[in-house]
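A.B. asks: Using the hints, position chain C against chain X.
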Amino acid sequence: MADIGNFALILGLVLAAFTGIIAVVGARTGRGELILTAENGALATVSMVTLAVGSLVYLLVTGDLTINYVAGHINKDLPMFYKVSSLWAGQEGSLLFWNWVLSVYIFIFVLLYRKKSNPLTPYVIFILMATTFFFFCLHLFVANPFDRLVVAFADGTMNPWSPQDGKGLNPLLQHPAMVFHPPMLYTGYIGFAIPFAFAIAALATNRLGAEWIRLSRRWTIIAWFFLGTGIILGGKWAYVELGWGGYWAWDPVENASLMPWLIGTAFLHSVMVQEKRGMLKIWNISMIIGTYILCILGTFLTRSGVVSSVHAFAQSNIGVYFLTFIGFLLIVSLGLLYLRLDDLKSENSFDVFSSRESSFLFNNLLLLGSCLAVLWGTTFPIISEWVTGEKITVGQPFFNKINVPIGLALLILTGVGPVLAWRKTSTESLKRNFLLPVLLGLIAVGISFGMGTRHVYALISIGSCVFVFVTIVQEFLKGAIARASSTGENILKAVVNLTRKNKRRYGGYIVHFGIVLIFVGFTGKAFESEAHIELGEGEEFTVKNYTLKLTKLEQGQTPNYFFDKAFLSVWKDGKNIENVVPERRQYIASEQPTTEVEIHETLLEDIYLVFNSRNEDESKAEIQIYINPLVSFVWVGALVMVLGTFVAMFPDLGEEKFKQRAREKAEKLILERV
Amino acid sequence: MSLILVILITVLILTFVFAPLFGKRKKFVTESDDVEAYDNLISKKEVVLHNLMDAELDYKMGKLTEADYKNLQATLTLEASLVLEKLDFIEKSQNFETMVETEIKNLRKMNDKAKILEKSIEKEVKTCLVCLTENLNENKFCNSCGNSFEDKVSVKTCVNSQEENSTQAMLTKFKSSAKTCVNCQGENPLTNSFCGTCGTKL
Chain X
1 MADIGNFALI LGLVLAAFTG IIAVVGARTG RGELILTAEN GALATVSMVT
51 LAVGSLVYLL VTGDLTINYV AGHINKDLPM FYKVSSLWAG QEGSLLFWNW
101 VLSVYIFIFV LLYRKKSNPL TPYVIFILMA TTFFFFCLHL FVANPFDRLV
151 VAFADGTMNP WSPQDGKGLN PLLQHPAMVF HPPMLYTGYI GFAIPFAFAI
201 AALATNRLGA EWIRLSRRWT IIAWFFLGTG IILGGKWAYV ELGWGGYWAW
251 DPVENASLMP WLIGTAFLHS VMVQEKRGML KIWNISMIIG TYILCILGTF
301 LTRSGVVSSV HAFAQSNIGV YFLTFIGFLL IVSLGLLYLR LDDLKSENSF
351 DVFSSRESSF LFNNLLLLGS CLAVLWGTTF PIISEWVTGE KITVGQPFFN
401 KINVPIGLAL LILTGVGPVL AWRKTSTESL KRNFLLPVLL GLIAVGISFG
451 MGTRHVYALI SIGSCVFVFV TIVQEFLKGA IARASSTGEN ILKAVVNLTR
501 KNKRRYGGYI VHFGIVLIFV GFTGKAFESE AHIELGEGEE FTVKNYTLKL
551 TKLEQGQTPN YFFDKAFLSV WKDGKNIENV VPERRQYIAS EQPTTEVEIH
601 ETLLEDIYLV FNSRNEDESK AEIQIYINPL VSFVWVGALV MVLGTFVAMF
651 PDLGEEKFKQ RAREKAEKLI LERV
Chain C
675 MSLILVILIT VLILTFVFAP LFGKRKKFVT ESDDVEAYDN LISKKEVVLH
725 NLMDAELDYK MGKLTEADYK NLQATLTLEA SLVLEKLDFI EKSQNFETMV
775 ETEIKNLRKM NDKAKILEKS IEKEVKTCLV CLTENLNENK FCNSCGNSFE
825 DKVSVKTCVN SQEENSTQAM LTKFKSSAKT CVNCQGENPL TNSFCGTCGT
875 KL
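In order, the protein sequences belong to chains X and C. Sequential numbering from 1 applies to the first sequence in the working numbering. Sequential numbering from 675 applies to the second sequence in the working numbering.
Looking at chain X on its own, in the form it has when it is part of the complex (with noise of 0.2 Å):
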């Protein structure tokens, strides 16, 4: 099956060069059935790598430990599921699942625009193969899966050799949350590719009107949902799985999936001010290489090992290769960009400081000083490194100086911009629907500060959630009452329908009230407490209104490890709310310890326990007790950020009927003024 795997990864390689050849020579002559047959040979390419992953899956799910990735990353007693997902556990593997995710994104590619003769066809395939073929070569001659363990004989002669067992899979690796967390990172990473070579498309052809934004927009809102899912995703893997008490800690591999959110987001909001306005089209075609660039430099942050992390599963010498295919996207990207500088003029400029368009402006500002920040803190050691031979690290309080402000100011815009008119928004008009919400939100932060709220940054987010809420809750009822004035339909129904007919507006907002959530739950964070007890059986320990009982110590081994386990009872208000058993692990094959947390979680308050070890005559445990307020707002806020999300990116079933209806309004009005 190896050489199978092997001769898919050859011919896909040589079909890859050759489809992106041929797609550009079909356009430049005109010739359709060059065209068609780079068409075919983008779906030949898949197919490849589609024989080359089913192949590796194949060799995991058999233990085949003739092959060094299998050997180095399952071992016998590995439950099956496990055994599948080890093929993004390391570096060989992750890099093919990489590619095939490209390729299924080639794949629905092609069958959507298959045949349609649109001019900017052959160029994306041409980028899109041109990134396959890339990673072909990190396949065959960097990083191969197919790999066969060799031992060298006195004599000198290589031969084959296989160990009794593997080494394992990564116990961290060893959870649930693991087998969605990559692969919907991944989705989200690769799926700017397409919006990205829609871009370089456009600028190829100099056809550089709203087409591109049109075609690609649907693209971009799917890879965005996947890496931000990918990201929340993440953060709860980091809080059940890591045993620090936290989801988020700039880390650099969590930095890196970070910066083409954030530029993501960006692009997501000025595109709107091309589409209305004709404004901002050199910057969205920057945001979108800028936001592809990022996703590829994230592949070389996780891959390379360049930084140090928590996610450093696999290391090794491929940054020059990535930092190759980085100069390479920037050098044609933004050459061609420079080239097409003329054509990319604004047809309109900004009214006023006070229009939906500047608040759009200055939210793209924010999310790219964001962005930069976090680029310069994480790359900062190799920077330092490479500058004065010393790796200095930039540490948590460089990350939340700088973001924090820069958070709550994007939180409060949230609010903002959709109170805000396109063009202009009146003083009046800013007065009346300002003052709510900014008086809820003062109040809001009176009452917390009455509460003994002292921490600046929590009572401005405090404040700013309220006022965005309000603003949301605000737009709602204002268009629903407006809808049912017209219509006489009920508010219900007028929300519904409101919703209904404009998806992408309300899906938004939608989305805006995910994000208020996840902030309640970032500003729980100023509420934290926690402790380090030593309990023996039967002891018990009081912190806040709870109270934690040892009941006992258990120690035991399965076939995939060694376990030691305290069983304690949970008390609130002399009430038995829940018994947990937090736990201590040994792997057998891969000898590495773990943490099992317990996590008692309600809407309010988590209660996070780690059984850290036990004491010099091992009669007692050692407990590390973490009180988290409001961490479940922010799996919360990502659900309704996914369901805002999908209202957004599904179709407008009534857009005809609106269009239409719009149409004969504007034609109506045109008659009146002639």
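Treat the hints with caution; some may be incorrect.
[Unchecked claim] Residues of chain C clear of chain X, computed beta-carbon distances all greater than 12 Å: (1) 721; (2) 734; (3) 778; (4) 786; (5) 792.
[Claimed, not checked] Heads up, simulated DSS-like pairs for lysine-lysine below, C-alpha to C-alpha not over 30 Å straight-line: (6) 501/X to 236/X; (7) 734/C to 501/X; (8) 789/C to 116/X; (9) 779/C to 789/C; (10) 431/X to 779/C.
Think of the hints as simulated: they come from the structure by calculation, not from any bench. Virtual Cβ for every residue (Gly too), placed ideally from N, Cα, C.
C.D. replies: Chain C alone, transformed into the frame defined by chain X:
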């Protein structure tokens, strides 16, 4: 086993990829700049119309004052009318271009037929005006499609003529490059859609 599989996959893949190269040559017809400009105007029209609806909703929601709304509405209506005018212009000019192209094609076809007829006179043969097959001069019917050389109706179908069906007479008609009115037999230039003498549709 692996080798057979590899050969089989390679053959299948190469057949699939190169199949279009062995078919008919096809032109990759992409939209011209004019069509792109037209498409852009169409999307611009949708955007302006959407903006008008948004402005109305913003006004009803109290985001715009009445004065601002009226101003914005006027600006957007002006934008919309400019876009609609441009679209109208392109549509009309496209219709005109299509009309001229059709006329040129018709003239070319007639010219070709005239050349064939001239040749058939030189060769002393009869050319069928339905299928353009050359027939012996004494034939009464076309030996290819069966068109009657005696039947005036069938000849009239080809040359707008109700007169004699001799090749020479037909050629004269073609060379005059005129449309003959079926009502008054009046001669009209090819560009006429109605007869200049009696007004019958040509």
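A.B. asks: Now look at each hint and say whether the structure bears it out.
C.D. replies: Checked hints:
With a least CB separation of 6 Å from chain X, residue 721/C falls inside the 12 Å interface cut-off, contrary to its annotation. Not every C-beta of chain X lies more than 12 Å from that of residue 734/C, the closest at about 3 Å, which undercuts listing it as non-interface. The non-interface label for residue 778/C is consistent with chain X: the shortest C-beta to C-beta separation is roughly 23 Å, beyond 12 Å. Against chain X, the non-interface label of residue 786/C holds: every CB pair exceeds 12 Å, the least being about 28 Å.
The beta carbon of residue 792/C is kept farther than 12 Å from every beta carbon of chain X, the shortest such distance being approximately 37 Å. As the CA atoms of residue 501/X and residue 236/X are separated by approximately 34 Å, the hinted pair breaks the 30 Å bound. As the CA atoms of residue 734/C and residue 501/X are separated by approximately 16 Å, the hinted pair is consistent with the 30 Å bound. A threshold of 30 Å between alpha carbons decides the hint, and for residue 789/C with residue 116/X the separation of about 40 Å lies outside it, so the pair is violated.
With a CA separation close to 15 Å, the supplied pair residue 779/C and residue 789/C stays within the 30 Å bound. Between the alpha carbons of residue 431/X and residue 779/C the distance comes to roughly 67 Å, so the proposed pair goes past 30 Å and is violated.
In summary, the numbered hints that this structure violates are 1, 2, 6, 8, 10.
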